[in-house]
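Trainee: Listed here are the chains, written in short residue letters.
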Amino acid sequence: MNIDNDVIPGLFADPTQLPKESDLQELLRLWQNERHAPEILPSNGELLSRVLDQIRRQSDDANALRRDANLSEEEHYMTMLVQTEVERVKFIIRSYIRTRLFKIEQFARHMTNDPEIQARLSQAELTHARRYTALVEKQFTTSVLGHLPDTQRGLDDDVPTLPNMVTEPDKDRPVFIHARQACGPVQLPDGSGFEIANDSIHLMRYHTIEQLLARGEVELV
Amino acid sequence: MSADTRQFCDLAHQLVTESRRSTATDTLFKYNDPLVRSIIREQRGLETIVDNALAQSEDETPPASVFIHQTAILRNKRCLLAYHQHRLNFLKNLYWSMGGALPPLLSSPNIRANLSPSEVDFLREYNAMVMDFRGDFSDELDIASSVTIPPKDIHVLVRVVKDCGVIQTELGSIDFQRGQRFMVRRADIEHLIVQGYLEEVQS
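As they're listed, the protein sequences go chains A and B.
First residue of the first sequence: 1, per full-length UniProt numbering; consecutive thereafter.
First residue of the second sequence: 1, per full-length UniProt numbering; consecutive thereafter.
For the record, the hints were derived by calculation from the structure and aren't laboratory data.
Hints should not be assumed to be uniformly reliable.
Calculated lysine-lysine pairs in the DSS-like style (CA-CA distance at most 25 angstroms, straight line) [to be verified]:
id	chain 1	residue 1	chain 2	residue 2
1	A	Lys-103	B	Lys-162
2	A	Lys-138	B	Lys-152
3	B	Lys-30	A	Lys-138
4	B	Lys-92	B	Lys-30
Computed from a predicted structure; not experimentally measured.
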């Protein structure tokens, strides 16, 4: 078994393969963007299952190697490295999934009303969003709404003087962006245009750079 | 405060203050059933006032008092829902901080005593939902494990704080008894640290 070529990409990445990004780098960016963005971003199920497959292969290989009694000192050290790397990648995936889950529950009601956002969720996430909305609604009904007069039972009252009852992501929130290429111009709040230079870092409102992020021209840091 | 001097929404304000206090002190207070009930009574009273006022007004324009009462109704309702939403979020946080395990949460007398019956139902159903969601990943990883500190080592030195019986690890089965120390693989016992059976020894 040749461990050097089979490890998690990025650890002993082959420099000739650049500039194509490895799955791990892509995953890291996906995770960082998700952590910083106020709304839920499109999921990348393909990438995720690819990395999960790699993880499984890696840990199977490492386990098989460790049982081998003739393992040299160097090989033993290598398997340790691989295992540590696997654990760290697992951490990132876990954190990524949990971040999405948190956002899904926070905006569950908003999501179940908006097909455009539903397209960003995986099937399991969508099911979770629907079930969660139903659960919270049931909870509100048993503890509060069921005891109120009929006219007061709505969960989406539209009253001009009060904030909306359905929680929506705050797209005005400022985020730090790192430009992966020269892009723009973006429109600043005062109406002027702004060209973003390659490799520069800026602090901007999320809705200003929403499209750039979707096209992958900037990343959140 | 006597009932005559009380304004509409005073009670609801008390309820929201309780939620704020709960966030500030990071404690789960007992479900305030009496207060919730009195606000619901106030809501019914307000509804009757509005209905009567509308029935009595002859012309098309309703009396101005209806506007005040309607505002109070909406405000009370939002406060009630905010209180319950805050509690649900708090419970979910507790649930995840236990590594997605329900039994320790429900068997802890401090927590159990503060829950309303419908909140216990909520936790049970939420747990079932999360279990289904977790099932999709269970081959490779457990999404309920800790997400606060990334692992730096595959092995970890732990001290046993509570007896937790025989656990299967890569070194075979280990009988964890209080006071003992072990060097084990993190992935094998991560959930026991989260649930408070083991404690990481910082070197």
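Trainee: List, from low to high, the hint numbers that the structure doesn't satisfy.
Mentor: Of the numbered hints, 1 and 2 do not hold.
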